[in-house]
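Number of protein chains: 4
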Amino acid sequence: MISFENDYLEGAHTNVLAQLVKTNMIQESGYGMDNFTVRAKEKIKNVIDCPEATVKFLVGGTQTNQVVINSILKPYEGVIAADTGHISTHEAGAIEYTGHKILSIPSNEGKITAIDIDNLVRDFYNDKNYRHMVFPGMVYISFPTEYGTLYSREELITISNICKKHDLPLYIDGARLGYGLASYESELTIKDIAKYSDIFYIGGTKIGALCGEAVVFTNKNEPSHFTTLIKQHGALLAKSRLVSIQFLELFNNNLYFEISRHAVDMSLKIKKSLLQKGYKLYYDSPTNQQFIVVNNSKLQELEEKIKFSFWEKYDEEHTVIRFATSWATKEENVDFLIDLL
Amino acid sequence: MISFENDYLEGAHTNVLAQLVKTNMIQESGYGMDNFTVRAKEKIKNVIDCPEATVKFLVGGTQTNQVVINSILKPYEGVIAADTGHISTHEAGAIEYTGHKILSIPSNEGKITAIDIDNLVRDFYNDKNYRHMVFPGMVYISFPTEYGTLYSREELITISNICKKHDLPLYIDGARLGYGLASYESELTIKDIAKYSDIFYIGGTKIGALCGEAVVFTNKNEPSHFTTLIKQHGALLAKSRLVSIQFLELFNNNLYFEISRHAVDMSLKIKKSLLQKGYKLYYDSPTNQQFIVVNNSKLQELEEKIKFSFWEKYDEEHTVIRFATSWATKEENVDFLIDLL
Amino acid sequence: MISFENDYLEGAHTNVLAQLVKTNMIQESGYGMDNFTVRAKEKIKNVIDCPEATVKFLVGGTQTNQVVINSILKPYEGVIAADTGHISTHEAGAIEYTGHKILSIPSNEGKITAIDIDNLVRDFYNDKNYRHMVFPGMVYISFPTEYGTLYSREELITISNICKKHDLPLYIDGARLGYGLASYESELTIKDIAKYSDIFYIGGTKIGALCGEAVVFTNKNEPSHFTTLIKQHGALLAKSRLVSIQFLELFNNNLYFEISRHAVDMSLKIKKSLLQKGYKLYYDSPTNQQFIVVNNSKLQELEEKIKFSFWEKYDEEHTVIRFATSWATKEENVDFLIDLL
Amino acid sequence: MISFENDYLEGAHTNVLAQLVKTNMIQESGYGMDNFTVRAKEKIKNVIDCPEATVKFLVGGTQTNQVVINSILKPYEGVIAADTGHISTHEAGAIEYTGHKILSIPSNEGKITAIDIDNLVRDFYNDKNYRHMVFPGMVYISFPTEYGTLYSREELITISNICKKHDLPLYIDGARLGYGLASYESELTIKDIAKYSDIFYIGGTKIGALCGEAVVFTNKNEPSHFTTLIKQHGALLAKSRLVSIQFLELFNNNLYFEISRHAVDMSLKIKKSLLQKGYKLYYDSPTNQQFIVVNNSKLQELEEKIKFSFWEKYDEEHTVIRFATSWATKEENVDFLIDLL
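Chains as they are written, first to last, in the working numbering: chain A, 1 to 341; chain B, 1 to 341; chain C, 1 to 341; chain D, 1 to 341.
None of these hints come from the bench; they were simulated from the model. Each hint should be verified, as a subset may be incorrect.
For identical chains, the list gives no copy identity; a pair is met inside one copy or between any two copies.
Straight-line distance between alpha carbons at most 30 angstroms, and here's what the computed DSBU-like set of lysine-lysine pairs gives [stated by the list, open to error]:
#	residue 1	residue 2
1	LYS164	LYS271
2	LYS307	LYS128
3	LYS74	LYS269
4	LYS164	LYS307
5	LYS164	LYS269
6	LYS164	LYS74
7	LYS277	LYS330
8	LYS313	LYS195
Extracted from the complex, chain A is given alone in its bound form:
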C-alpha cells in the first residue's frame, strides 16, 4: 500500500547509493579518520560559508540531540525548548537520561519566541532561590518545526540575539533542514542557519541518506575531546565512511536542496488539493508535512487505501492526520492520494 506515513520510508537517493557502491572497496581508516570524512567536512564548511566551523557526523537524530546537548551543557544546566520539541516529546527521555532537565516553553505551532526565552532567563535569575534550580544553559529549536512550520528571518535573528545576550548557545535541530530551506516561504538559507546558530545539524536520514546527520559547530565551539564524548555515548561509527560518503554526494551539485525542493513541491500539491476540496488544515505548513482534520468515517475510508500518520484526536468525531512527502515521493503516488481525498 502506498504510504505517506513519514519521510524515511525508502533507502537512499540513487546517487548516494551509487557512490557507496563505487567507493566500496577503497580501504580507509575508521572512526572519522578516513579521507571521505575529511572531504565531507570541507564540503559542508564551503556550503555553509563558515570557515571557522567544525563538523562531525553522527548516525541519527535523537542520538545527535543527546550527544550535542549533553556535551554543551554544564552539569547544572538544562536546555530551553518548546514543549512540542522533538526532545521534549518523542525521544524517550534521552536528554533527561544524560542528567539534564528540559526547560519547557509553551509553543505556538511548534515555535517559541525570543520574548519567552528572555522571560524564562530573567525569571530564573530574579528568583532568590535560583541556586536551587536548573540553570538555563542553551536553547533548542527545530527548523522546520515538528509541525512543518518555519521561523521567519526576523524571528530567528531575534532569538539568536537574545541567546547571545544571555550567553546561551543556540542549537537548531535540522532533522528536516532541507525541507525547511527548500520551502518557498523560507526566508533563510543554510548560510543563515550557520550564521545565526551556535550549533545545528543537517539531517540526512530524512533527506536522501540511509542514515546520518552532520553536526556543525559554527564558531570554534566544539566541545573538548568531542570524539571521546561521542564514543562514550556509544555513538561513534567504526565505518565513518558510511555517513561521510553519503554527505559528500548529498552536497554534490546541490543534490540536497534539489531533492528537498521536490518533497516540498509534492507536499504543496497535496496541500493545494486539500484546500480545494475543503479540508481543514490543522497547521498551515509550507514544508513537507501536511496536517489535516478529517472526520472519522473519512479516516476509516482512507486507511483502507493508503498509509499515513494519525497525529492526534481532534474531537469525538474528528482526527488529525499527517501526510509526509520526501525526496523519494513519486508524483504518481501523490496523484493517487489526491484522487482518494
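With the hints as your guide, set chains B, C and D onto chain A.
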C-alpha cells in the same frame, strides 16, 4: 532580627536534643545496623498502624526524593508531578540528574487531580508512538503542598485509586507532613497517609529534628538492596543513630503532632490577623505557611523590621511574600509580627 | 597503501550492497517495524536454532555493549569482565557512563576463567560489607577475544555453568563472532554460542556489513520495553531496514560463515609465513588477527610500505604489531605482505 | 559488649554536643547561608593557613567523594586511585554511578606511588587509541589510607609534583585526617595537606562529630555553581548549621587534633601490647587502626567477649581482624582488650 523566613531556622526540639545528649556515649554499629534504628522503625510502624511497612532513614528532603524516585522508577519511566512540586522546581534537577523525566501536570494551588493523572496515562497509551516516549511510572504529590494547601480525604482516595488502576506507585512528599496532619482542616491522619500511599516520607528536618526524614514503604515494596542504592547515591549516614534517635523522640508521646499543632496555631493566629487587617491572601492556607500580597512600600517597611520570604512578583506594585511558622515559633514573635502588619 | 590495519577498512560485501540497492525504493516503516526486520529476526533464530530467542538490531559494537549491559544490570550491579575486554579498555568509559562499574578479572591472552568468576562472586558475598559494594550482576566475555584467542568448548560450558550457579547472565561480545566460529580451532558453533549464553551479539560491522550488530536474547530474557531503552540511549535507527537487510543477506546461504572463513584463511597464510620466517608471535591466534613482536628497525621499514596496527611497546627495541584480515582481504595483498616480511 | 569495631560508634565529642545545645534556638538561614557556616569557613582557612581556599560542608564521606570527584572531572575523564581506595571498594559504585571510571593502580599497603601515576598517564597518551579510552582526570589518595598507613612528606610532595606536571588535580580523602596527622610518625601537618593538594576533606564523622565533612578547595578551584551541584546530588543540608557548628567547635582550641591524638595513643597502646604478646601485625599502622592476623580459635574466643572487625580471610586457619580506636575510646576499654589478647 526575628525571622519567619522558613521552617528550618532553629536546631532541634529540646526533647530531641536531650535524647541525643543522653545516648551520646552508647556504642552502636552504624549504617542502619544500630538498635536505635531498629527501635525507631518499629515505633513508626506502630504509629502508622502498618505492620507490613518497611522504614528507612535519610538525611534531607531532596535526597529522599531523589533516592526514592530513582529506586522506584524503571529506567524508561518518569514521575508524574505537579509543575509546582518541589521536585519540579527547587531541587536543581536532582530527579533528571538520575536519568528520569518529570511528567508535569499543571497544578491548582499546588495540587493535582486524579482526572489529570488519568488523562496523562491514557493519552500516553493512546499515542501510537508511546514506545518513543517516557512511560509514566509513579505519581508524586506533596502533603501539604508547597503552598500549604491540603488534599481532602476524597481527593487523596481518588488519586490513590487511579494510581492503583494504572499500577503507578503513589509517593507522598511529607517534608511538612506534621504541619498538614495537624491542620484543623486536615481530613487525614498519618494512618490514612500510610493506607492510601505506596511510599511516603515523614519530614523531620522541618519538624523538630536537626536533620532526617523517615521513608516508609507501605506494602512490601521496598526496592531490592535499597541500602546499597542509598549508599550508591552517597546518602547512607555512617552514624545512623543521629536520625533514628531523633525520630524515636519525635514519636514519643505524640511529640511530632503536638509541635506540629503549635506551628499551625501560630500560623492561624497570623492568618486571622492578616484577614482582620484586610491583607489579601494569595493562597488560603490552613497549615504553617501564609502567603500574602503586599504593596511594595509595605514590603520595604516590613523588611526593615522582620525577616520573611519573597515568594514572587505579583504585579508592578505588589509582591507575594510568605510567613512560615514552625515547632519553634515563639508566640511573642508572632505578636510582634502582628503588631507590625 | 595496502592496509592490514583493522577489519573495517572497506564498505560491505558485494551481495550485501546489492541487496541494499535492490530493495532501495520499497516503502517500509521504520524503527524496527519494517518487514525486513521481521524476516531478519526469523532468519537469525533459525540459524542459531533457538526458537525462544528474541533479536534486536543495533548499529555498532560499543553501542551494543552499552545498551545491553545497562539494560540487563540492576542499578546496584556491575559487570564482570576481563581487564583486557573491549568494555574495560577501548570504549571511553561507555559502561561507567551508564552508572555501572566493571568488575575486572585479570585475563590470560584475553580470556577469563570460571574459577576466577566463581571466586569473585564468593569473595563478594563473604565480605561482611558487601552491601557497601557493587554487586556482581552479569558476566561479559568476547568470542573471539580482543587478542584473537578462543574459548574452548569446555571453557565456555564451565563459565556458562558457573554463571547459572550464581544467577549471572552470560553475555558474549561477538564483534568478530564469525572470525571465531570460522577458525579451524573453534570447537563451537553459533548454536553453541546461543545455547551457552544468555545474550550475545553477532557482529556485522567487522564482517561484511556497512554497520550493524544483531543482539540475541536467548531465553525470553529481553529487557522490558527494550525498544524504548534503545531509543533512550539514542541508539534506535529510523531506517531499521539498513541493518536488517544486511543481516538478511549475510545469513543467506551461509555468506557470513564463508566470508569469515576467507578472513581466517588469509590470516593463517600470514601466520604460517611469519613462523617460517622466524617471527615471534605475541599471541598464538587462530582467527583473523596476528600479533607479532618486531624490532624497531624492521617496524620502520614495514611502515613505509604497508599499513598495520601498533599494538604496544614490547621493550626498548621491540614493538608488538597487529595484522588484521577480513572478509575483504585480497590474497594478492596478503602475498605482497608476505614478500615484505 | 565493648566494641573496637570501627571509629564511629558513639555520638559527638561533649564540647561539640554542648555547642549544638547552646546555639539551638538561634535563628539562622539555611543551605550554607548561616553565620555559623561563614565563621566555620574562616576558622578552617586560618587553621590550614590558606587564605585562597574555599570551604564547603557536606554530610558524609562517600557523599563527599562522589560530589567532589564528579564536580571536578570532565565528562570524558576518570579518577586515578588505589585499587584499595575507599572509592574503589566500599562505596557501592558511587563514583561510577556519576558516570566516571576509576583508573585503578595496585596499592602497597593502601598507598600508590608517583611513578605509577606517571606511568599510567604516559601509557595513556602513548596509546594511539587514547581517544577511545577514559582520560586520566584527577588523582585520589587517602591520608591516612584505609589500612592506617601514611604517605611520607617526600611521597606526598612527589605525588603532588607529578600531578602538577600532568595537570591532574590531587584530591585527598581525609575521612580520618586527624588520626593521620596526630600520628607520631606523620611528617605532615594540615597546612602541608592544604599546600600539596588541590582538594581535600577534613573528616568529622569519624573524629568527634555526629556527621559532617569539610571540603577544602585550596587554590580558587571550587567548581562553578558548586552549591547547585551539591543540591543536584541531594547533598545540600537545609540546616547547614548542624555541620558548621560542629566544625567550629572541633577547631576551637585544637580540639580536633587533641582528640585525634588520644585515638592514636589508645591504638598504639593496643599495638604495643599486640607486639609484646607476639601477635602478627598485618600492616604496621601508626594511626588509629590495628590489623592483626589471628588463628580462628582465638578469633572465636575473642568474639565472645569483645567486638571488632573481620577484615579478610588470611588462610584456612587464620583471619585478619581490625581494632579501631577513636576520640571516644576509653582507656579502661583498651585495658580490657589488652587483658583479653
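Should LYS313 paired with LYS195 be assigned to within, between, both, or neither, using CA atoms and 30 angstroms as the limit? neither (39 angstroms within a copy, 37 angstroms between copies)
Is it within a copy, between copies, both, or neither that the alpha carbon of LYS74 lies no farther than 30 angstroms from that of LYS269? neither (45 angstroms within a copy, 46 angstroms between copies)
Is it within a copy, between copies, both, or neither that the alpha carbon of LYS164 lies no farther than 30 angstroms from that of LYS269? This pair counts as neither: shortest intra-copy Cα distance 39 angstroms, inter-copy 50 angstroms.
Pop the pair LYS164 and LYS307 into one bin, within, between, both or neither, using alpha-carbon distances up to 30 angstroms. Intra 44 angstroms, inter 37 angstroms, cutoff 30 angstroms: neither.
When Cα atoms must be at most 30 angstroms apart, do LYS164 and LYS271 count as within-copy, between-copy, both, or neither? The answer is neither: 37 angstroms in one copy and 46 angstroms across copies each exceed 30 angstroms.
Taking 30 angstroms as the upper bound on the Cα-Cα distance, should LYS164 and LYS74 be classified as within, between, both, or neither? both (17 angstroms within a copy, 25 angstroms between copies)
Same-copy or cross-copy closeness of LYS277 to LYS330 [CA-CA at most 30 angstroms]: Within one copy, since 21 angstroms is at most 30 angstroms while 62 angstroms is not.
When no copy is named, should LYS307 and LYS128 be tagged within, between, both, or neither for a Cα gap of at most 30 angstroms? between (53 angstroms within a copy, 14 angstroms between copies)
Of the numbered hints given earlier, the model fails hints 1, 3, 4, 5 and 8; all others are met.
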